[in-house]
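Chemist: Chain residues, written in single-letter form:
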Amino acid sequence: MNFDFSDDQKQLRDQARKFLAEKCSPKAVRVVLDGKAPYDKELWKGLAEMGFLGVAIPEEFGGAGAGHLELCVIAEEMGRANAPVPFSSTVYLAAEALLIAGSDAQKKKWLPAIASGEAIGTLALFEGKGNPAPKNIKLVASGGTLNGVKKPVADGAIADFAVVAARTGSTGRENDISLFIVDLKAGGVEVKSLTNLDPTRGQAELTFKNTKAEPLGAAGEGWSILSQVLDRAAVLCAFEQVGGSDRALEMGRDYALDRIAFGRPIGSFQAVKHMLADMYVSATLARSNSYYGAWALSTNASELPEAAAAARISATQAFQHCAKNNIQVHGGMGFTWEFDCHMYYRRANAMALGLGSLSYWEDQLIDRMRKKNAA
Amino acid sequence: MNFEDTPQEAAFRATARAWIAANAPKQYEEELQKSSLGRTQLKNASILEVAKAWQKKKADAGWACLHWSKEYGGRGASPIERVIWQQEEGPFGKLSGMFIIGHGMCGPTMMAFAREEHKRTYLPPLASGEKVWCQLFSEPAGGSDVAGLRTRAEKDGDDWVINGQKIWTSGAHYSDYGILLTRTDPTVPKHKGLTMFFLDMKSPGVEVRPIKQASGASDFNEVYFTNVRIPDHQRLGEVGDGWNVSLTTLMNERSAIGAGVSTGFPELFEYCSSLMLDDGPAIEDRAVRSKLASWAVKASGLRYTSMRAISALSRGERPGPENSIGKLVAGSMIQDVATYALDLQGASGVVSGPEDAELAGRFQAMLLRAPGTRVEGGTDEIMRNIIAERVLGLPGDIRVDKDVPFNKIPTKGRN
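Protein chains in written order, with the numbering used here: chain A, 1 to 375; chain B, 1001 to 1415.
These are computed hints drawn from the structure, not numbers from a lab.
Each residue gets a CB set at the ideal place from its N, CA and C atoms; glycine is no exception.
Please note: incorrect hints may appear among the correct ones.
As the list claims (entries may be wrong) - Heads up, incomplete: computed chain A residues facing chain B, CB under 7 Å, no partners named:
(1) 224
(2) 285
(3) 313
Please model the complete structure; the sequences and the hints are all you need to start from.
Modeler: Encoded structure:
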């Protein structure tokens, strides 16, 4: 049994960690946090040059032609560094949707541009409150044009194109939904930035008014494609969350060793030690669940839906737990803008919602476990 | 990343599987499969006898204590082969419960510290289950703080004379031998005045009294020592070095992996899958599903954490510290799971008798046994200290009695 990443993959992780430590310091993250730039353009360019944006994109479409396991180790480092770039929207959502359902021409148009850092993509799925469900998609597609409003759309204000979920039928079934690609730079979409929990990753409202759109995948197949995309993204996001959990735990541990109160390091008090031990437990469970997700993703196993939901839940819980208790260990200083704790707290809570909420994924997990047991 | 055996591992697995298929006591398989925490009995047989017979059969064919060397009754197998064996043994592994302490703790301590002739005499019958061993560390005055123990050993000629009391000794009532941690010098700080021995549990002056647990069952004992004589050649390690010897014992226990910890989740999921609540199937209830999902990812997290450790073994590495979380997570989880299963039963959850209770009282038995799992073998709090100190590198607690001679430590009048 070798339920672990290979030496090459671990080397890639080290390489990514080193690169991000240099190019994505907390100081660099703060430029975006403070609203001075919508995302870190230099870092985005660097990620393209390192081959990270196209790591899982086949060589024929301009990528490195490695695989999802390689993408997982990079995702972990992106989470650890709290990178203020549209990585998850572009790479986990838009690129994966194209890989699953894109025509050869669509792949040729967009994938090389993603790998080279020229195109930012996103998925426009949500329409206000609610979780991923066919009935929540009201934006209408007819005659090659879209009408409706999507929000929140992650990185919607900086994206060059969006994969849009639209209604093409009204039978009340899953095959009412189809996917489209919209070139956001071609005009016809009204974009409004939304203030959100995590300013290091923007959210936007996109209004489509007779906007020209190109079908992605067969008509009526939208929901089935989306489900696959969300499962893949759940695993990849879980690795970001695992990276973030580890970093938040490290920050708490380092502070507990450094901070003296009552004449001793606060890390020698059991109340603090036990809190940190519990953070370690959550982070470890999340890592192990995510590894299973990575295995299922990389082998396209029939276990993927269940593994993805488990990774998603476990990693969401761990990141929220580690990020909030990191602030608690820091005490008052942890609640200042100046300390970095809140960046992880913001990211943890934003990520907990991005692909649908925790309770949505809990529900999904039980459905999928039942399906497996019935089979 | 894969879950496949190497060719050697696959060959070993096939051999083990074939032997188990031909030799295991199949008539008990279903019962063992269904047994869970607080309920590991057989209806029409003594589990002690079935367990001993199975262990002997394994030993005769070279399948006992796989990681021990052959001259001491083992197989000289690699750590990964031991894990593969445990996976293949499946429910029959539950029969090893009464040997865990002997095989996991006493044996390795003997191997590290006993004289060669003692090893050759005592280890093979320990491996084969013909002789059962227990571990006599905890005392009324020394539980989590085991170095605070008070049982005295005083030199008298070539013997040591033991007086005192041990508590929470698993299986002392059916054990033939035990390893015993004593205080040989109360005038030095507590960790420095300890010495380890092994002894025959039938020695004159040893009295075993079962403890009636909060669950009503009696798995543990108090053991009293009144002028018990132990020859000096049964000493393990140097006089005064008992603390270090005991650390070897405890390390060995912690390095035993792969024997999955019980979380209660599979039982609960199965139960909820068929349970009807007042307003429909439990499994379709939002609140039930949310609880189940949270526990499902803990159970799977533990499963895959253990697989990561097994992978390290398979590569010939030592598993990392992540495996230390198992008991901490599973202990409180099984308690919560049992509590919730009863909650789903409504008022009738109170009925616990096997004849009348839901599922023959399985979850009731689990609930009543569960508090013990959070205490035995290191309390949840001690486990958190271990993770904080050994994994995260946080400082140890300030210990006010560390440098004080043992007999000067305040006792509030208790001895």
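Chemist: Evaluate each hint against the coordinates.
Modeler: Here is what the structure says about each hint:
1. 224: Where the cut-off is 7 Å and the nearest Cβ of chain B is about 23 Å from residue 224 (chain A), the hint is violated.
2. 285: Because about 3 Å separates residue 285 (chain A) from the closest Cβ in chain B, which is inside the 7 Å limit, the hint holds.
3. 313: 5 Å, holds
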